[in-house]
Amino acid sequence: MIRPEDEVAVYLYAEYVDMRKSIDGLAALVEQQAGQSPFNQTVYVFCNRKRDKIKLLCWERNGFVLWYKRLEKFRFKWPGNEAPEAIDGGLLNQLLDGYDIRPKAPHPTLEYTTLL
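No gaps in the numbering here: position 22 of the sequence shown is 22 in full-length UniProt numbering, and each next residue is one more.
Mixed in with the good hints there might be a few duds.
Below 25 Å or equal to it, Euclidean Cα-Cα: the simulated PhoX-like pairs (lysine-lysine) are [to be verified]: (1) K73 <-> K21; (2) K69 <-> K50; (3) K53 <-> K69.
Ranges between beta-carbon positions, derived for each pair [unchecked claim]: (4) D18 <-> D100: 22 to 32 Å; (5) L71 <-> A9: 23 to 33 Å; (6) E72 <-> E15: 17 to 27 Å; (7) L66 <-> Q33: 16 to 26 Å; (8) F64 <-> D100: 21 to 31 Å; (9) Y99 <-> E31: 26 to 36 Å.
Hints were generated in silico from the structure; no laboratory data involved. Glycine included, every Cβ here is placed at the ideal spot set by N, Cα and C.
Whole structure, please, built from the sequences with the hints as guidance.
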């Protein structure tokens, strides 16, 4: 598969998407729900509810490019129904390889002033 370069801007669409959508439907999601222009030099990434399919949409000089990856056995470690997230091409490639791209952090420190 041809992979995006590490420096490319990537936008993860947080909500799960119906994978029957093609270029026009995905571009409409970018424009109407994400409030961005699908003609930016950005790769927009969409995932289905089962997290076994991913589509990447980007504008390349004179037309849209649509990538589609379907996993046969495993699931993508999709960040989930959080806020839309901007990442770089390096993290996107890690996501496509099956890595969890969410930052690993311990539980927050709790500070109390009294026991009761």
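- Message: So, against the hints stated earlier in the document, which numbers end up violated here?
- Response: none
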